[in-house]
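Here the protein sequences come in this chain order: A and B. Numbering follows this note's numbering, with no gaps: position 114 of the first sequence is 114. Numbering follows this note's numbering, with no gaps: position 117 of the second sequence is 1117.
Be careful, since some hints might not be right.
One side of the interface only, derived from the structure: several residues of chain B facing chain A at Cβ under 7 Å [unchecked claim]:
| # | residue |
| --- | --- |
| 1 | E1240 |
| 2 | G1322 |
| 3 | L1327 |
| 4 | A1355 |
| 5 | A1358 |
| 6 | I1366 |
| 7 | S1367 |
| 8 | A1369 |
| 9 | T1370 |
| 10 | E1371 |
Simulated from the structure, these hints should not be mistaken for lab results. Small disclaimer: the values here were computed from a predicted structure and weren't measured. Built from N, CA and C at the ideal position, the CB exists for glycine as well.
Number of protein chains: 2
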Amino acid sequence: MTVGVRHDDLRRRNRAMVLAAVRRLGQLSRTEIAAATELSNSTISAISADLIAEGTLVEAKAPEGVLARRGRPQVALGLNPARASVAVVVLTLNQLWATLVAYDGAVTREETTRLPTLTMGRDALVGAVVDAIEKLASGGQPPARIVLAVQGITDAGGTRMLWSPITPHADIAFGPLLAARFDAPVTVQNDCNMIAVALKWRWPQRYRDDFFAILLSDGIGMGLMQKGQLFTGTHSSGGEFGHMIHRPGGALCRCGRLGCVEAYAGSYAVVRAAAGGGENDAPPADIPEAEIEALADRARAVDGPERAAFMRAGEAIGYGLGSLFALFDPAPVAVVGPGALAFDMLEQPIREAIAQTAGGQHSGAISFATEPDEMPLIREGSAMTALTALDEEISAPVAAASARREVA
Amino acid sequence: MTVGVRHDDLRRRNRAMVLAAVRRLGQLSRTEIAAATELSNSTISAISADLIAEGTLVEAKAPEGVLARRGRPQVALGLNPARASVAVVVLTLNQLWATLVAYDGAVTREETTRLPTLTMGRDALVGAVVDAIEKLASGGQPPARIVLAVQGITDAGGTRMLWSPITPHADIAFGPLLAARFDAPVTVQNDCNMIAVALKWRWPQRYRDDFFAILLSDGIGMGLMQKGQLFTGTHSSGGEFGHMIHRPGGALCRCGRLGCVEAYAGSYAVVRAAAGGGENDAPPADIPEAEIEALADRARAVDGPERAAFMRAGEAIGYGLGSLFALFDPAPVAVVGPGALAFDMLEQPIREAIAQTAGGQHSGAISFATEPDEMPLIREGSAMTALTALDEEISAPVAAASARREVA
DNA sequence: GCCCATTTTTTCGAGCCTCGAAAAAATTAA
DNA sequence: TTAATTTTTTCGAGGCTCGAAAAAATGGGC
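Hey, can you work out the whole structure from these sequences and the hints?
In structure tokens:
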């Protein structure tokens, strides 16, 4: 049950700390690493020598146009891009985005493929992912890790996609299938969780330990950072904000249930409501983005059913956030995805709704930021997820590394 | 930012592991501790010698009627009750429960005081807590730690009570006040969180890493264990399940807002609804338990407004749980407090409501257990919270301990 | 009763790891 | 060219854990 700390763990952890510092802060001298990790210079000297010998870190040549001070110049250490590479695949409705990322985080190769995800067979879908990764890796070193980001629900272990709106097929074990094919660890991740990870990397001062990332798109998703950790469910990717119940017995949701937040705030729900249809009408599928923008323009111009639809969407999101704040406490919110383009209409009803809830006590202090383009975030978050996992893996084999060094 | 692991941490952590193993599993021989912690016998020998020399552990004399095997008999180590004691104070409506607990977890002294919490002044309330602890500690060693459990919201740091239904006074800094008076660390904890802690200690196989403890009383509270850790908000004790919004603009809650779960499921809400009053009537205060039992009996006997009130309560709880499950995934639920006595009427509407939600996918697998008496759990959870914090504190001073040993 | 088998616990030396201090290295300023 | 300065490495000390061996403490069998 409770497991003691062995002696080898110490080195492993400190190696991990060094890698984490370099990954987060970029090129750092040994002295700077010592300051960041609070380890002694001698320890950093030893660890970085190991990491350089292994090819994990490299000494940067140019000290950059840094003003030359007196004394021995610092030599910056950086992640060795050639150390390994990771593959990121993002699967969305009718599209597949594949990216190869070097160990230092630089994007090496990118491919985008269109494919009919809603009508494809299960095996064809898996095959498409395999093909994409194969194409990425062709001619280069095989990826050391693979992250597949999907809309929908994944399992907490990251081995399978349990359900996704992009395909009628449920419970696809992408993890084992890809791992067997490419002989590398694979994790399947929820797209919104990757957005949250990316926000933290990209704007660490704004999105530090606690924040909500709400994806407003066809569906409604959420990624949540709590106490510096990505929040996940106990069995699944969790955080299904869009399927919290806003109005019991209310509007028909794409998931088949009634009254979910998404059934009011998903773009299909807005389109349905604006069209004046009953809230239990089957939701329209695959709405072109242009249609929604036209709807938003109309809503801004005229106080008609379109505007009412956006107001109802904002209200649903606001009440949902209020319940969320009752559980997690208020924190900054990032509104991501196409829906962010209509946030000017959503903000007021959202704030009004939150003010009606327990989370509204400090409603003035709740800050919203918008980011309409979600794809770069999903890819960046996935890449960082893969790379930090790789860092952990690289930190482990102390025995192997020191043995190799002795031989040399 | 990222901080490396120093060498001293190693011993400290392993000492903590040893204490945790003995606390969780009871009297253990050195060999058993080694097995539980996965540390070597030699390490356990060294650590336990230190802990015994400090007076933290003691060798148990009687090997109990354990069947005598061949070989050197194991000598069990246990927590030394005289090592320290902790004080637990539970503040509820009109009552104060104080308990002194020895280091091994045995209850040494208990006191219960009645007091008019709703009408008392702020200082009088603090004074009552001080008096209770003074009385507990009189004649013995001063408590090494104090835990104060209260209904309502506390801050995440455990220093203050932000809001409680038992008093009109908000934001009382019990922590600093008591700490200054008794020269010991103090934490202020939410009662439902303490229930969750207690459930985990008392039935570790049933309530392991993930479960919900729902307190059904005058108000509705929740304690939540997620991934083995007590869930708390980022700024407050969090998990205000009772104030998630069940029906936007719905029934008037004790908190002043409309449509909270508690406004349907708190006992005041059930009484109000059963009495046929409007759902926006001011909620009745301080309902005697007998009245509620009579209401429940009536509801069981006749299909009238009383039964409808319980059904509506169950529905609110069920929808709330459904939203909770959408975020955290389904997990076992413990229904604690007086409301558990009416759970026979609540279960069906709860299950029906959950089945209407995203969390209902596995609604058959969701298990409920009831525990009508919440006070023993609150006290036990508070005591274990104090004692495990003390264990951590005791694990730290390695340098001091070994220095002392050298002198001897 | 005595000796042996058996199991627990302690002791001891080896191997790592981190740290502080001192030495070495690599510059700029004078 | 030398002195000052800053970074990095080296070296020895001190801790910690571990495995193996020794010591301790008991029951079983003759």
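* Asked: Which of the listed hints are broken here?
  -> Structure breaks hints 4, 6, 7, 8, 9 and 10.
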